[in-house]
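A.B. asks: Listed below are the residues making up each chain.
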Amino acid sequence: MVDSSKVPVSGTTADTDHAERVWRAGRLDPMPIRKLPDAPPAIHLLGPTVFLVALGVGMGESYMWPRLVLVFGPEIRWLFLIGVTLQAVVMLEMARYAMATGESIFTGAARVFKPLMWFFFAVAILVYIWPGHLSAGAAAFEEITGIPWVVTACVGLVLVGVVFSLAKVIYSLLENVLSLLIGVLVVGTAVIASLVGSWSDLSSTITGMFAFGYFPSDAMSSAWFPIVVGSIAFAGPSGMQQMWYTLHLRDSGAGMGAHVPKIRGLRHASEQEEMPNRGFMFDTDDPAEMKKWKGWRRWVTFDALLLFWGITMLVTISFTVLAQAAARENPNVATLIEGGDRDAALGAMSDAFASAGGSILGGLFFGFIALIGLNATLGLFDSFSRGQADMTYFFVKGAKRFKISHLYAFFLWGVILFGILILLFGPADGPSGVLDILAFLSTFAMGAYCVVLLLVNNRMLPKPIRPKWWANLIIGFGAVFYLGMLFYSLIRFGVVVS
Amino acid sequence: MEKTRLLRLVELAFPGFVVGLIAGAVAGGLAGFVGQPAGWALVSMLTLGIPLGLFGAGFGLLVAFRKVRLGGFAPVALFWLAGFPISRLLHEVGTFWILGGEPRLPPDLLGFIAYQGIVSAGFAIGFLWLHERIAPRWWRRMAPHNPEAARIYAAYAEHAKQIYDMRQARRASRAAARAKAAQR
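If you're matching them up, the sequences are chains A and B in order. With our numbering applied, the first sequence covers 1096 to 1593. With our numbering applied, the second sequence covers 53 to 236.
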């Protein structure tokens, strides 16, 4: 571990022949001091949170939490409130490092202790290489169109690869596409919830969020506890999605990310600018710079609160209202949802809406599940490739012979080809023998990144921009919460989260 | 003269109308996709899509004439707090009227309105999100022959220029850093 107590005060070190001012953090190259750009003047410029929303609003929101509400009642939702609020704070702290340095959190981890970064490199490959996440969306598409889901999934994979390879700047393309899809998702979810829900569904769902401490004895059973823990971990972005968010922030040019070039698609790789070896730091002793920094913090806080927290809440509340309405319409739905067969449960929910409001609503429901799947898949493939390319480029010897666009394309097409092979010949979620290990690693990574965040933000950043005590407290709570629940489940029940 | 003025207003309101209509039409469109009777789909599409579209158009005009803050969430949330429940009420009444032969109010009217009012906040986020992405581009196309569109586009362009200047400054500082590194 580094001894950051010897880190000099920001912007005061003249340690090169040319007396360039730098900020030393850990054992990697020091960061040169540069100007912090101005924060965007208005809030309507939506930031890269769109990626977190696309990744985060997935099966947790549309299926796992509605399921828990049907089994344990709306009061169980206070745990969701805690889970999502915790993730909003994690997001703000991830953004702190990325905006202050223009580096990813992976590089931050390497500054603290390189093996930490390699741990995340390995976890990403083990957990995210399996194409199982495609199945729910593609299966919903099959319900609407009759096209077998494996065909949709394979075509979708190739399409994603081609589009990302042709794009000039991948970030801009993806932000535009995801923004439109999420806009339609949000507007559409609100309309559906308004069609099928009722005042009492909504009020019980919302008041349930404040039933702090409610924990029925059944939830402590070996059958349900791992599911409850998994659902809390999957409230909002799960696994490594928050870490990838730092890469999207950098590519969007937020804060010091403005000094780092964007990743280009394979077709435009020749135009790729050379990536600097390390990030940059601004002069935290300069009041004008600190004022700009506060502007950036306001910008990202707005993103975290309204977009990330608000939209995640909205979609989950809507889907919970939908599940309650479906269960009222058809008691069979409740049995199927409680039973845990996801496809059967989603089918039954769709049927219930069809009987309530015509098959229009049934189809609509599947349409939205497919849309959620599409958002998540687009976001996931890009994020995985971005994260692995970043770590490879900066930390694998000899990798700088390639451009970062080439490495991005290598990981993107690697995961696509592997995905197609597995969809055609293997188990989509991964070999059944390792499923538990993958679920364990995914939650473990969340506890681990909380620890990394504490180390990176408190030891690698200059004092004036380090987190406040309460932010550290919440992130520390996150680490204890994720790791504690994970190991408690493992030791008490012998089961990892599910 | 009056006709031209009306046409200009329609052009200003068009993006808001489209976003509202899309939201209502998603239901109808998907119904056609899953093989429902065209009549059913069309009724649902129109009775919800048209009121939402008209309210959306109204909001577009408020933005175009700078009666509300560009991109602000509070004004759009307040607007739809009224607009969304009314649209849904018209949808319920209209659908019963056309398909059932006589208009009918929802059973618990107050509860219905209150519920729709709360859902409207979610709708407002999605509406603002889409409108902010579509409207400025459309107004830019209309700007050459529509002075109001040109004015509102100029407001957005002014904002974009600030962003562009920021980017230019970043590029310049990157180039300067590279030049400095090359000198060493």
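FYI, nobody ran anything at the bench for these hints, they're computed from the structure. Keep in mind that the hints are not guaranteed to be accurate.
Heads up, incomplete: computed chain A residues facing chain B, CB under 10 Å, no partners named [unchecked claim]:
id, residue
1, E1115
2, R1116
3, S1274
4, L1280
5, T1284
6, M1315
7, V1410
8, A1429
9, V1575
10, G1579
11, M1580
Bear in mind the structure is a predicted one, so any value in this text is a computation, not a measurement. Cβ coordinates follow ideal geometry from the N, Cα and C atoms, glycine included.
A.B. asks: So which of those numbered hints doesn't the model satisfy?
C.D. replies: 2, 6, 8, 9, 10 and 11
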